[in-house]
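Participant: Protein chains in written order, with the working numbering: chain F, 1 to 601; chain Y, 1001 to 1375.
Hints listed in this document are in silico derivations from the structure and should not be mistaken for laboratory results. Don't take each hint at face value.
Stated by the list, open to error - Derived pair list, reagent style DSS-like, types lysine-lysine, alpha-carbon separation capped at 30 Å:
(1) Y:Lys1097 - F:Lys566
(2) F:Lys551 - Y:Lys1240
(3) F:Lys567 - Y:Lys1097
(4) Y:Lys1271 - Y:Lys1240
(5) Y:Lys1226 - F:Lys573
(6) F:Lys571 - Y:Lys1301
(7) F:Lys446 - F:Lys376
(8) Y:Lys1271 - F:Lys551
(9) F:Lys520 - Y:Lys1226
(10) F:Lys520 - Y:Lys1375
(11) F:Lys590 - Y:Lys1271
(12) Y:Lys1253 - F:Lys571
(13) Y:Lys1193 - Y:Lys1097
(14) F:Lys551 - Y:Lys1226
Unchecked claim - Which residues of chain Y face chain F? A few of them, derived with a C-beta cut under 7 Å, are:
(15) Gln1045
(16) Leu1291
(17) Ser1326
(18) Tyr1365
(19) Phe1370
(20) Ala1371
Remember, it's a predicted structure, so these values are computed and weren't measured experimentally. Every residue gets a Cβ at the ideal spot worked out from N, C-alpha and C, and that includes glycine.
Below are the chains, spelled out letter by letter.
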Amino acid sequence: MDRQHIRNFCIIAHIDHGKSTLADRIIEKTGLLTQREMQEQVLDNMDLERERGITIKSQAVRTIYKAKNGEEYTFNLIDTPGHVDFNYEVSRSLAACDGAILVVDAAQGIEAQTLANVYLALDHDLDVFPVINKIDLPSADPDRVINEIEDVIGIEAMDAPRISAKMGIGIDDVLEAVVNKIPAPSGDEDKPLKALIFDSIYDSYKGVIVFFRITDGRVRRGTKVRMMATGAVAEVVEVGTFGAGQFIPCDELSAGMVGYLTASIKNVRDTMVGDTITDDENPCAEALPGYKRVQSMVFCGMYPADGAKYPDLRDALEKLQLNDASLNYEPETSIALGFGFRCGFLGLLHLEIIQERLEREYNLDLVTTAPSVVYKVYKTNGEMIDLTNPTNLPDPSEIEHMEEPIVSAEIMVTKDYVGPIMELCQGRRGRYLSMEYIEETRALLKYELPLNEIIYDFFDALKSRSKGYASFDYELKGYEPSKLVKLDILVNREEVDALSFIVHAESAYERGRKMCEKLKDEIPRHLFEIPIQAAVGGKVIARETVKAMRKDVLAKCYGGDITRKKKLLEKQKEGKKRMRQIGNVEIPQKAFMSVLKLDDM
Amino acid sequence: MEIYVHIPFCERKCNYCDFLSGPADENTKQIYTDALITEIKKRAQSLSRGNKVTSIYFGGGTPSVMTPAQLGAIYTAIGHEFVIDRDAEITIEVNPKSGRDKLHYLREIGFNRLSIGMQSSHKSELELLGRIHTYDDFAECFIDARDAGFKNISVDIMTAIPGQTEQMLSATINKVLDFSPEHISTYSLIIEKGTPFYERFGDIEGPVVGEETERKLYWMTVDMLKDKGYKHYEISNFAKPGFESRHNTGYWKRVHYLGVGLGASSCLPEKEFDARMRNTTDLATYVKDPLAQEEYNVLTKNEMIEETIYLGLRMMDGVDTDAFESKFGCTVRSLYGDTIDDLVAQGLVYEGAGSLSLSDLGIDYGNHVFAQFLK
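In isolation and in its complexed conformation, chain F is listed as follows (with noise of 0.2 Å):
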């Protein structure tokens, strides 16, 4: 296959704006499947990705389309991650296209996620043409759309194409477009080998399977190639392309294609996407620019509800782990929970990905400690630490100063949401930058903000705020110097460790109050009186009381139903294990959680 019938591209969009639909009418359409055997949403394969609408792992898809000019072309299409969290995992993406579908909801327009990508699309030199979706929709207004794309983006949207990925309208007039509007790849095939990984995957019969794009060379079965940032080799036993859901075998992949190999490789981790594959024998001279290890943003403990579980958590950590580079744990132990892991993740979001499918998958019942970010703690003895635990801490005498991640912010929201959306911002320590009209109803907003306070709940509060009518993007600028303090919880006089966390000192009195108020209604009465206590360094900040039960007893017998009396009790007796022993109090496990939920008092 020459180079000039290959289109290798992705679709961008907003959350929601219809990406996935669009991919798989392309898919319908250049006959792949049929459409009986179309599942909705072929690309999105986990069952979480399909049940919250998003995209987590990037997948990639081959079809083969007949072009009105006669010719056969091979479509690459490579799907990106919606979500913040996976910035990276959608450069990368990004990085093995050479054009980009830019999907646009027609009714309501351009989103913060819109500009984000499509920024980055252009970052990477990425063709990018527009499409308008859901044309069907009765308040769809395509022509402030189309205006809207070329005043605030600044490309070309005059004829882009008016479709409903959902009805199936226009689809030709896409597929179309991809041929004329995105390049055919470049490069050159007799140059050594040089290739960008985008993805892998774990698979338990081929091992790893990595997904990658060629730029020059060529590669098949019985290369060996390495990883030139991990410095992994291994030799390819097998290289394909995608059919959707399937890998089909080929004997060679070469410049401008996309595809997959195997090489026996046994940990994701050797293949970490941005990575660039050469051959060993005949390596190129310098990698493809871009790539760095992820790191993880926010971490949180994590600890099996049941003691005896700490192995099955460890196991499927690990296997876990297998598929996802960007998952870090190590194990830890809590006076109040026991054994379990710290772990480390790319997001809030990436965190509940990985919550649910522990509990899912491998049904685990977890007891998760607050999200925390990586604080910079200076030591008065010049030593620096990455501090990724609360308990860790220094005494506060041997600290020297501390820093927080910040990072810069767009927000876009509709004019009659500006104030509110501003209040939090300021509520959550924001720095306002600027903000913009891009159209007469719709504000953008800039803001640094310390990460710390958006990786709770600032995206509900967001939501809640503007009734659903704010955008969110934003990506890491850098650590800033910040008045920090570790704000402990007492339950009955003794200290909780795993309910400590980091709060900025002038928020620190009320977030203290809020979290006493809530672990109050979270923790039952029992026959004594508790007090909860907040406190800095020792010194008592707020306080609660959970007031003593005065009751527990039934006085009526039912005429000889033990039975049911004993339900009764067992139920009692079955709550109670459901909690945590701490001193001589039961701490029910949701309480571990509460400091996320302070906001929705």
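Got chain F; can you put chain Y on it based on the hints?
Facilitator: Structure of chain Y alone, referenced to chain F:
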């Protein structure tokens, strides 16, 4: 062995009642009576005749809504099929409007103990509860009962009625004490799902009057009745010496009992273990097949041990630990030493020579204590 007979009928459902009962027409009552008699006969066949019956209890509902003829027929059927102990306790629950003639008849055919559902002496409380009688009805009923020859009468009092004050409850108690009944049961109102009270007071945890008031009313009742010479022998029951309810004590001491009638529970021997079972709660099913059961569980030894303790703890004398040892071949302490030490340290139970019992504080937290003995 004891026998419980369930009569699922009443004149009108009370606002708090979630028992298996409701009004019924004469025809239904007769069909039910026939089914009961069939059940008694058939159950008797599978039970050893050597088992003397020490107590019979007609409960409901309101058993006194049945005609004398129906009650007589049921009682006679039991007499035919079982050997009734000469001094067996034979109780029937009656409402205060049962009428003089019926009481005389009941005494004549062999009932020797009455349980009268008085609940309150206040018109406002009786109306709130949805009771159909008045205090005067109760007074008349009690006098008639004595007149009919009942020497063992129990009166039910309800506490923690919404709006109830200490004054109101003590007035009710005094009006009961005026008649000097042999036995008094006091039940604290619980709002149960599916009752008119549930609709009215909603899904609240604990008593409507508040836990503090409920406990105050409880301990006031205990003090008043003890003061008049009643023995506080179970969490909610008081008796003059020698008049403790033998039937209910049987439940707490795990005596075997046969329950007949709709939804009735039984606890009967099954080889070396006990089986707990429950009849169907569907009337149509029951009258078609009076042996239909909806639950049948053979208890494990461990379950029997747990029951012995948490049922035994309901009695103020507590668990007879010597009897426990001779029955199960091990001491309570060998099984629950740590639990007992914890509970003693918290002041919830007493460990005496040959007994384990609740303290006053332990009474307030009975369920908590009981739950500790479940494995």
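Participant: For each hint, tell me whether it holds in the structure or not.
Facilitator: Hints and how they fare:
A C-alpha spacing of about 35 Å is found between Lys1097 of chain Y and Lys566 of chain F, which places the hinted pair above 30 Å, so the restraint is violated. A distance of roughly 27 Å separates the Cα atoms of Lys551 of chain F and Lys1240 of chain Y; the hinted pair therefore holds under the 30 Å criterion. For the suggested pair Lys567 of chain F and Lys1097 of chain Y, the alpha carbons sit about 36 Å apart, so the restraint of at most 30 Å is broken. Under the criterion of a C-alpha separation no larger than 30 Å, the hint pairing Lys1271 of chain Y with Lys1240 of chain Y is inconsistent with the structure, at around 38 Å.
Using a Cα cut-off of 30 Å, the hinted pair Lys1226 of chain Y and Lys573 of chain F is violated, with the two alpha carbons roughly 33 Å apart. A threshold of 30 Å between alpha carbons decides the hint, and for Lys571 of chain F with Lys1301 of chain Y the separation of about 21 Å falls inside it, so the pair holds. The hinted pair formed by Lys446 of chain F and Lys376 of chain F meets the criterion: a straight-line CA distance of about 25 Å does not exceed 30 Å. In summary, the hint linking Lys1271 of chain Y to Lys551 of chain F is not supported, as the alpha carbons are separated by about 39 Å, beyond the 30 Å threshold.
Pair hint Lys520 of chain F plus Lys1226 of chain Y does not hold up; C-alpha atoms about 39 Å apart against a cutoff of 30 Å. Distance check on the hinted pair: Lys520 of chain F and Lys1375 of chain Y sit about 29 Å apart at the alpha-carbon level, within 30 Å; holds. Between Lys590 of chain F and Lys1271 of chain Y the CA atoms are separated by roughly 45 Å; this puts the pair beyond 30 Å, and the hint is violated. Under the criterion of a C-alpha separation no larger than 30 Å, the hint pairing Lys1253 of chain Y with Lys571 of chain F is consistent with the structure, at around 23 Å.
For the hint pairing Lys1193 of chain Y with Lys1097 of chain Y, the CA-to-CA distance comes to about 28 Å; that is within 30 Å, so the pair holds. Our distance criterion of 30 Å between C-alpha atoms is met by Lys551 of chain F and Lys1226 of chain Y, whose separation comes to about 21 Å. Annotation: interface hint on Gln1045 of chain Y violated; nearest CB of chain F at approximately 22 Å, more than 7 Å. For the restraint placing Leu1291 of chain Y at the interface with chain F, the shortest Cβ-Cβ distance is roughly 18 Å, beyond the 7 Å limit, so the hint is violated.
The interface hint given for Ser1326 of chain Y is violated, since its Cβ lies 22 Å from the closest Cβ of chain F, which is over the 7 Å cut-off. Interface hint status for Tyr1365 of chain Y: upheld, as the beta-carbon distance to the closest one in chain F is roughly 5 Å, under 7 Å. Because the closest C-beta pair between Phe1370 of chain Y and chain F is about 5 Å apart, less than 7 Å, the hint holds. Checking Ala1371 of chain Y against chain F: minimum C-beta separation of about 5 Å stays under 7 Å; hint holds.
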